[in-house]
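Engineer: Each chain, written out:
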Amino acid sequence: MPVSDLVNDEKQARALYDKRKYKDAIKLYKQLLKHESRDEWQQALAQCYLKRALEFAKQGRYKEALVLWENYSQLVEPPYPDFDHFVVWQLLSGSEKDITTALSQLNTRQLDQHYPRLAQLLGMLILFKAPEYQHALPQDSIFIVHLNMARSALQAFRDEQLEDMQAILKKIPYRSAFRNFCTVLKAVVSSNIETCNKQLARIPTDSPYWPLTRLLHVCGLTGSSLADELVQLTHQQRRIIYAIKGLDKTQQKLVEQLAKNKNRLNDKAKFNLAVQFKNLGDVDYAQRFCRAMLQHYPAGRKDFIRHFRALTPFEEHRLKAIRCEQHEDFHEAEYHWQQSIKYLKKEAGHDLEIALILRHIAEKYESSGRVLFLGESLRYDPDDKETHLKLLNYFYQYEPDKLETHLKNALKQLPEDIDILSVAMRQAVKKQDFKAARKYARKILKSDPVHSEARLLEFESASMIVRQLLKEKAYTTAEKEVQKLKKQQLTKPQQLAVQILEGFLCFSVEDKQRGLDIIVAALEQLNNDSMVCHFQAAMEALLCGKPVATVLRALPPITNPSLSNQELDSLCDLIRSYLKYGSVELLHKALGKIKAPVKKSLAQSDLDEQKILAFCALLADIKYFELLRYCVATLSSDKTAPIWVYYRVYSKLNGQPDKLKFTQRMQLEQAMAEAHHNNDHRALVLIERFLTASVRTNPPADLDILDALLGKEDEIEPLEQLFGHLSDNTVFRIERKIDSFIGNLTPEKLVREFQKKAGKDVNLMRIVVSSPDFLTALLFFKAAEQLNIDIGVTLQDALDKFGGKL
Amino acid sequence: MNNPFEILEVGADADDDSIKQAYLQKVKTYPPERYPQQFQQIRQAYETIKDRRSRLHYTLFNDVGIDFESWLNQALDTPLEVELKFNQFEQLVQASMDESVFLKAVVNHDDE
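These protein sequence lines map, in sequence, to chains A and B.
Residue 528 in our numbering is what sits at position 528 of the first sequence, and the numbering runs on without skipping anything.
Each position in the second sequence, counted from 1, maps to that position plus 806 in our numbering.
Think of the hints as simulated: they come from the structure by calculation, not from any bench.
Hints may contain errors.
[Claimed, not checked] Straight line, CA to CA, 25 angstroms or less: simulated SDA-like cross-link-like pairs of lysine to any residue:
hint	chain 1	residue 1	chain 2	residue 2
1	B	K891	A	H217
2	A	K249	B	D883
3	B	K891	A	A243
[What the hints assert, rightly or not] Some residues of chain A that are not near chain B, with every Cβ distance over 12 angstroms (derived):
hint	residue
4	K27
5	C196
6	S224
7	Q236
8	K245
9	A355
10	R359
11	D511
12	G655
[Stated by the list, open to error] Cβ-Cβ distance ranges computed for the label pairs, FRET-style:
hint	chain 1	residue 1	chain 2	residue 2	range
13	B	D904	A	D267	43 to 49 angstroms
14	B	D904	A	R264	22 to 28 angstroms
15	A	K302	B	G817	53 to 59 angstroms
16	A	K492	B	P838	42 to 48 angstroms
17	A	E748	B	Q846	56 to 62 angstroms
18	A	E720	B	G817	51 to 57 angstroms
19	B	V833	A	N197	20 to 26 angstroms
20	B	D904	A	L162	25 to 31 angstroms
21	A	K58	B	V833	50 to 56 angstroms
22	B	E896	A	Q31	53 to 59 angstroms
23	A	T312	B	V833	32 to 38 angstroms
24	A	E748	B	G817	45 to 51 angstroms
25	A	K390	B	G817	31 to 37 angstroms
Remember, predicted model here, so these are calculated numbers, not experimental data.
Built from N, CA and C at the ideal position, the CB exists for glycine as well.
Let the sequences and hints guide you as you build the complete structure.
Structural biologist: Next comes the structure, spelled out in structure tokens:
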């Protein structure tokens, strides 16, 4: 072969080796060696054999790997770098003789230092499976010393000499090939499961002791965790653990079934297992599990009844209701809850359950629907605070005229409850019944002496009582009340407020001038600004029924009116606090006394826009339009923000939405669009509310025309006559039911359903065509039937009402 | 396991006092500083069944029975701690020594 060919072949062989094509590389190197026995080619060939052997081993083809190793070892001088591989391959598939030969080739250094994993594996093998291997190993190695110690420890364990065993284990050093062996043995004899698990956690997953660690861990489990692990083991491993854990035959059978079905353990399989092994432990557990499973596996109902007691109708409906809720079918759920209530009512002692179910249904409803169910629930459980509070909150917000009745009821049931008393206290203040407010405040303070709202309202109510007494000229009683007030623990402003009352008392019964001096001194301490001071003086005089002008004359006059931001805040706070206790008319009168300086001050001051807006909002609240108009005209003439547009229109119309003109509506609608665009929520809400009110108070005429054309009033009548007797609750439920099925129902289908009942003599479709409300009646019948409610109206009744029109 | 009765290890007919006792005992075993998750679960379980009203509420709206795990727990209720004899230990060692034990010695060597 020419030299150039040899060079090419060598290059090609090296490339094949790099590409891990060892088989082809071997062929080429062999050919090259036939031409010339070069040492480097021989080494390269040896490496090819080794790499190919390792690849075979990776695929589990140890015999092939061993043959290639033989070729490799003939080309290379010992010691071989990957000799531990060769030993393991021999252990896996070699003959005993080959294994012994391989082991005997291991030297001391390899065993003690180079191959720690092999040493660990050999240690385990010699201890538990093949003691004869020991003789093939270098007897002067540390490995052999530790092996003998480990063997002694095992012997001590066998002899139940645990202390001796521990002592021996302590002598085995940390870096020994038997380190994991020591840890496992310590775990096995540890006093409790926690210590055992802590020891076992030290075994690395690549240790030959790891599979044993896993089995030992399983021995420390119970219940479902034990089952989960057992099904992952081999049958032989499970049998050993059954014996260790003391599982009886039936339990073993259960685990075997679980192992068999581990990859297809669906609801049905679980249900059947629980039925089959119901006697394992408490039968009630199996029954409770199967009962729960019926929700997902309804086909098991028959088996359930056969193996356990039948479900009560209550339980049947309860479970169905929960299942419906899980599928978000709340209409159907409500039906089943109502049915369960029906069965609960048949036996005494279930009032609380009924109340809880009604409250549960209530949660699915909005406002008025919710109130109906909550109210009904109190019939069965009258002292549930949460329900009372929910109802009071609703009536406070949406139906204030009904609040009083419910408040009385709540107070009757829970007379000492602070939250209910707080509602009563606030309501009494709102009604200006200050004696009642003070009574509730005192009751609250008895249970909670630091209740801040009650403390404040007790003082304010007592002050209002004194003012009323002064107004009624009941001075002796007023004097007593003032003295009582003075004995209370008061803040500085409260002391000054009492001083004002004392001043008015003195003004009325003793010395007018002294009285005025007392009043003026207190007012001046309370207020920095003369305008605010005048306002408060006027308000106090009005509340006490005393001459306003006299009191105002006693105060220093307002010479240079100028409101700062802070003073405007104070004025707003004062108006707000009087708004709580006094009437709007009095506020108007008191503001009337300072309106001139306020106007002047507003025109001159450089006030913050937000402060002015807050003032405007307050003036709008108390409907003091004169000052509001002035504020808007003076301060917002150049302002185009939606909120100012609103206040301009609102103040111009004196807050009367029915006076809204077309151009103003256009202005507001434009402002609303801008507010929406600017995310100005405050302006948006105010404008929207005003526009809605304007439509409500002055509806567009064309709607009336439409109603007149449709003859709506006439058509409502038969429906009213048929179903007017039904309670709001029933109508509510029927309507919800209709909502649930109307999407899948055509009028034709509905009429067909009822045509069968009506017979051939009547044509229901003709009635529907002439009176569309007849269709509504049919919907009512269908819903009532599904809800199982007897509404006391028949199809014949409806035919009588609507049929007459034909 | 989500059943509050099982979490507190009380019967379905337990009264307020015994539930409170069981709760306090559990809190002692699982103090919040050391076992925040378990404590949270215990606290939640207690709140769910602490008085008659809440128990009834739970039974009506949440008690749909027990899950498979809970059923298995009592069906395979075995003592946690076992005293392993030498021969049992030896059996476990033998059962653990399959081919994977040997392979690990090689595979991990390769990784190095």
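Engineer: If a hint holds in the structure, say so; if it does not, say that too.
Structural biologist: We went through each hint and held it up to the structure:
1. B:K891 / A:H217: holds (15 angstroms)
2. A:K249 / B:D883: holds (14 angstroms)
3. B:K891 / A:A243: holds (11 angstroms)
4. K27: holds (26 angstroms)
5. C196: Per Cβ check, A:C196 is inside 12 angstroms of chain B; nearest 8 angstroms; violated.
6. S224: violated (4 angstroms)
7. Q236: violated (6 angstroms)
8. K245: violated (5 angstroms)
9. A355: violated (9 angstroms)
10. R359: violated (9 angstroms)
11. D511: With a cut-off of 12 angstroms, A:D511 remains clear of chain B, as the shortest Cβ separation is near 63 angstroms.
12. G655: holds (48 angstroms)
13. B:D904 / A:D267: 43 to 49 angstroms: For B:D904 and A:D267 the Cβ distance comes to about 35 angstroms; the hint is violated.
14. B:D904 / A:R264: 22 to 28 angstroms: holds (26 angstroms)
15. A:K302 / B:G817: 53 to 59 angstroms: violated (30 angstroms)
16. A:K492 / B:P838: 42 to 48 angstroms: holds (45 angstroms)
17. A:E748 / B:Q846: 56 to 62 angstroms: Because 57 angstroms falls inside the window, the suggested range holds.
18. A:E720 / B:G817: 51 to 57 angstroms: For A:E720 and B:G817 the Cβ distance comes to about 55 angstroms; the hint holds.
19. B:V833 / A:N197: 20 to 26 angstroms: Check passed, 23 angstroms falls within 20 to 26 angstroms.
20. B:D904 / A:L162: 25 to 31 angstroms: Holds, since B:D904 and A:L162 (Cβ atoms, about 29 angstroms apart) stay within the stated range.
21. A:K58 / B:V833: 50 to 56 angstroms: Holds - the Cβ-Cβ distance for A:K58 and B:V833, about 54 angstroms, lies within 50 to 56 angstroms.
22. B:E896 / A:Q31: 53 to 59 angstroms: 55 angstroms Cβ-Cβ, so the 53 to 59 angstroms window holds.
23. A:T312 / B:V833: 32 to 38 angstroms: holds (37 angstroms)
24. A:E748 / B:G817: 45 to 51 angstroms: violated (58 angstroms)
25. A:K390 / B:G817: 31 to 37 angstroms: About 33 angstroms separates the Cβ atoms of A:K390 and B:G817, which means 31 to 37 angstroms holds.
The structure is inconsistent with the numbered hints 5, 6, 7, 8, 9, 10, 13, 15, 24, although it conforms to all the rest.
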